[in-house]
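Q: So you can see what is in the structure, the chains are spelled out below.
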Amino acid sequence: MVTTSTSPASSKPSPVRLSDMRPRFEPYVIDCGEIPAFQFKGRLRDLLAARQITAAEAVAILEDMLIIREFEEMIVKLRSGAYTPLPDFNYRGPTHVSIGQEGCAVGACAPLTIRDKITSTHRGHGESLAKGTVAIRAMTEAQLRQRVPHSRATTREQLIEEALEEHLYRTICELFGKDDGYCRGRGGSMHIADFTVGHLGANAIVGGGTPIATGAAMALRYLREDAVVCCFAGDGAFSNGVALESLNWATQQQFTNHYAGDHRFGLPIIFLVINNHYGMTHRTDDEVTGIERIARRAAGFADNNMHAEVVNGMDVLAVRDAVQRAMRLCKAGQGPVFLDVDCYRYFGHSLSDPRVEYRTKEEEAAWRAVDPIETFKAQLREAGVLDEAGIAAIEERVRERNARAAKRAAAAADPAPQDVLKFMYTDTRCDTVPAEFAKVEILQPLTDLKRVNGQLTYKDAIREALYEEMARDRRVIFYGEDVADYGGAFKVTKGLLEAFGRERVFNTPISEACICGTAVGAAMVGLRPVVELMYFDFALMSSDQISNQAAKWHYMSGAQTEVPLVYRVSAGAGKGYGGQHSQTLEAMFCHIPGLYVVYPATPADAKGLLKSAIRDNNPVLFIESQGLYGMKGPVPEGDYLVPIGVANVLREGSDLTFVAWGPVVHDCLKAAEKLKADRGVSCEVIDLRSLVPLDLETVLRSVQKTGRCVVASQAVHIGSYTGEIASAIQEAVFDYLDAPVKRVGAKNGIAPQSHVLEAAFLPSIQDLVDAATAIL
Amino acid sequence: MPNPIIMPKFGQMTEESAIVEWRKKEGERVAKGDVLFTVETDKSVMEAESFFDGVLLKIVVPPGVNVPVQSVVGWIGEPGEAIPETPPPPRPAAKPATATAVAGAAAAARAPVAETPTVIVPAAVTAQTPSAPARFRISPRARRLARECGIDPTKITGSGPGGRITERDVRAYLMAHDYDRLRITPAAKALAIREGIDVLSLRKDGERVTVADVERAIAEKPKPLSRMRQVIAQRLLQSKLTQPHFYVTVSVDMTELIAYRNGLKASGLPYTITDFISMAVVRTLQEFPTVNSSTDGKTVRWYSHVNLGLAVSIEGGLVVPVIHQAEMLTLREICDRSKQLAEKARAGKLTPDEMSGGTFTISNMGMLNVENFAAIINPGEGGILAVASTQKQPVVRDDQIVIRQMMKMTLSVDHRLVDGALAAQFLNSIKQKLEDLDLWKTMT
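Here the protein sequences line up with chains A and B, keeping their order. If you read the first sequence in this note's numbering, its first letter stands for residue 54, the second for the next number, and so on. If you read the second sequence in this note's numbering, its first letter stands for residue 232, the second for the next number, and so on.
In case anyone wonders, no lab produced these hints; they're calculated from the structure. Heads up, a few of these hints could be off.
Partial chain A-side listing against chain B, Cβ under 7 Å, derived [unchecked claim]:
hint	residue
1	G760
2	D788
3	Y789
4	D791
Partial pick of chain A residues on the chain B-facing surface, computed with a CB cut under 8 Å [to be verified]:
hint	residue
5	A781
6	A785
7	L790
8	F814
We put the beta carbon where it would ideally sit given N, CA and C, even for glycine.
Turn these sequences into a full structure, and let the hints steer you where they fit.
A: Printed below as a string of structure tokens:
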């Protein structure tokens, strides 16, 4: 069924593309082209004359660099008690300072608008401060008053000054873990974010932010927003798989060639490498990679070399110029752009790193001699914008503003201990689709759902749910490996491409980390992505993106952002596919707070739960069973939801309770039948459906009645979520137990290929009967 | 570095002890010599003093837990000092969980689960937990149902795996015992459940069970013996089982000694009749080394010293303080020491060493108006002399019936060491001394 808001089938050509490639073996040479380095030679004096910058902008650039340096020097001093405004403050937290790199942060953020997004790194104070200060200076009075609602300022200059101080205050509060911090003290230095100015978060996993930025750019592209993403990452990150996968993802030709139809538009993203030459303490260029310049990587990802350039990061104007040009390219659909910004980190990885083990004092002195702040001051003097006294006045203002903010922050309230779990989950969901997204174009309605006597297969129930939700809400997009033309490895999504077109349904590279990570970024920017992992086993490839990113950002941002996405993962087993395609790994993800985990066992639940998952504003891991794809069952037509976190009693009984999820639910029903026939035992069977949140109440009520319980899943026994359930039962209703709680699962081994071995490996109906008999 | 507080070894034979009460709290300042805690030994409650000045940093062993002597029970130091890792204290004795209380008498019979009395009286505290009690297997659900019904689940036969009692066994038991026809007031049932009285044991023909019935059952419910009585029970049983007793009785004419003693008393001297008996026994034991000996059935051990035990009746039982090396003492010294020990005994202040090491004991019931009695030998001793009341009796002296102050003494001896003739000689030797006024005149 299609919701009424959809338009009738259009007459557009089918988005399906049939490849028609021929062999071509004529000799030729691949020309990798040229990558310009350090081409910018502009002087402030000349840029002013050419009206490419105003004096006020130049002064702001200096002030923003000074703000960063003062802030980070405060951290350095706090560690030794030398920050005089806070002589006794005990700062607990990271000290990843970026002193020396201010030119990168300020030069890159200066051209960005409040609509543009950034992601940053564990060394991200600079970007975080600059994104805010630049946005604040460009704000309307109304926007400014929103940031400082109690201000009594009468002039715009006063308002900006107060907003800048508030920005510092909230940043320092976050650094100090205070409740007034941007992330309410949940994120701290390494996870600071300010979504109101487009800062999607610093990231303490090296490279971890790159797919988020890429996904955000996908969303901007999809939503036709006139904005770009600037993805800051260090040189060390580009040895990491997910960063390289992100480059590959961002440069996919399907965004710009005939696959893109009439929206041939490259991802509006600038990968800005803050290339300080060190990954923690190792040299990235001289030691752990095969290339001198990271910029060369770009040549491997796009025929246009991603417009790569090497930029002098010690020259704030060079960075500004490069980013300005990159933004123009991105906004023209020519993105992505790769900028290798050469700079230097004066301090060590953190303040516990004395640097002497791996580099010379002479090297540091040489870089300090081209300090971005000092060289820019010289240009300001040269251009006559500021004299010595003018510079000193700004320095004084910056220092005093920082001190005021720091003192207020040190005295600010800590978060309440009882709120330790506040912001873990959001309780919101999308009950009403905003009008702008409710109008959905359907190219070709789904017609091949074979509903017989009201019955659908589990697979088609999922297909119908996806179809209905995509027809309901244009923000729901769907992608994964081979899910478009082919309809997925199990043909679960066949017909969705035809219905919604390639902008909403597309194939991805075999890049599980990016499949899961881009969904996080897209969700942060307003989409509601559903992505597919062909096998549950592959979730381990993307476990950082699922566990450290999707699961954590609502909490770590202090609920600034929700991450409404669905990971559809397909669990194998029983097909002789061996150890890497047969695992049921729900326990690993149930162990990660911040995720919802659901696992339907019937077609009706598959549809209703998937629809709930798509509408929920929490990230949901939606597990499907390949063994159940062909199972038929009654599935209501049209819109209905199965609530997340509510178990289902499939069979009532009085002597024993089976608690199960996934395909084992059906084995439990058969075991219950057999126990009834052979021994007259009356078994209750509960399908949990949701593992997180867990409907323990239904389980406990049943066990209180029966006094006996077998908990079963297809997962290997050790560390299985069955243990969690069994433990919860005995803790809560020990006095009602007439026997120990039994657990049934696969053997503590690896799924073998041999069907004889696999049959012995997996839990069987007989295992369930035996477990029940042992406690009767 | 904080100083450890060590569980003192109060007696030579003490292997483990339990703290009765900590007199200091964690964090409280302690001066050297302050009482830190009290310890219950077999026979009394002792005070343990601090050897250190400082703060009681940590209590490692809580009250009621038996720990080996010399083990660390706490730490004294200065605030902030780190406490070294100590091995965890042994598990406390089983608490009187409601469930075990419900199990009641039969549970105790099947599996001797210890119960801790709530009120700690001197020398009567925790019974020891058996190291590996036979497992009484019952499912939590069945236990709960039995508790709700107020029945004793230990009488139920289990049909579950390993003989575990399950809900259906309880239900079958209830049906077999016509539980649904039991008439009991709600208050009586609630009380029975709380006190662990099996309501089925209260059943009355046709009549409703009332609170009064339950209260009677509670009064009759077996309660644990005091620690002291348990020690008495264990030691006397050991004696009776391992030391074959026989008994010899004589009558002693105390007329002259009493008159002599009354004269001494009138002149302000403190001697009691018991002191004379003690002295007579000490002297005689030196003459008969076989009696001042003990045996394990294979070897015989003679004690060069006479360590004379004096049975003292105290509230709730009996203790036997020992006058060590009594053969070295004068009559006056024996008199003083006896008085001192009796006072300490009645005050509960005897040290374990003052209650151990005896070689022979006197049990004097003279003030209790008994004609004669036989005593049980303290384990490890050669004999015990039971002294009865002195009574005016018609006796024959020089073929005349005269009235004399007569006192019967019954000697109990270990037949493995002492035969009848020797016992008779030993006992008569005591008698002769008591009747020999000249002997006493040399000593007083």
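Q: Against each hint, give a clear statement of whether it holds in the structure.
A: Comparing the hints with the structure gives:
1. G760: Because about 4 Å separates A/G760 from the closest Cβ in chain B, which is inside the 7 Å limit, the hint holds.
2. D788: 4 Å, holds
3. Y789: For A/Y789, the interface hint holds, since the closest Cβ of chain B sits about 5 Å away, which is under 7 Å.
4. D791: 4 Å, holds
5. A781: Hint violated; A/A781 Cβ to chain B Cβ min 15 Å, cut 8 Å.
6. A785: With Cβ-Cβ at 12 Å, over 8 Å, it is violated.
7. L790: At about 5 Å, which falls below the 8 Å cut-off, the nearest Cβ of chain B leaves the hint on A/L790 intact, so it holds.
8. F814: 26 Å, violated
Of the numbered hints given earlier, the model fails hints 5, 6 and 8; all others are met.
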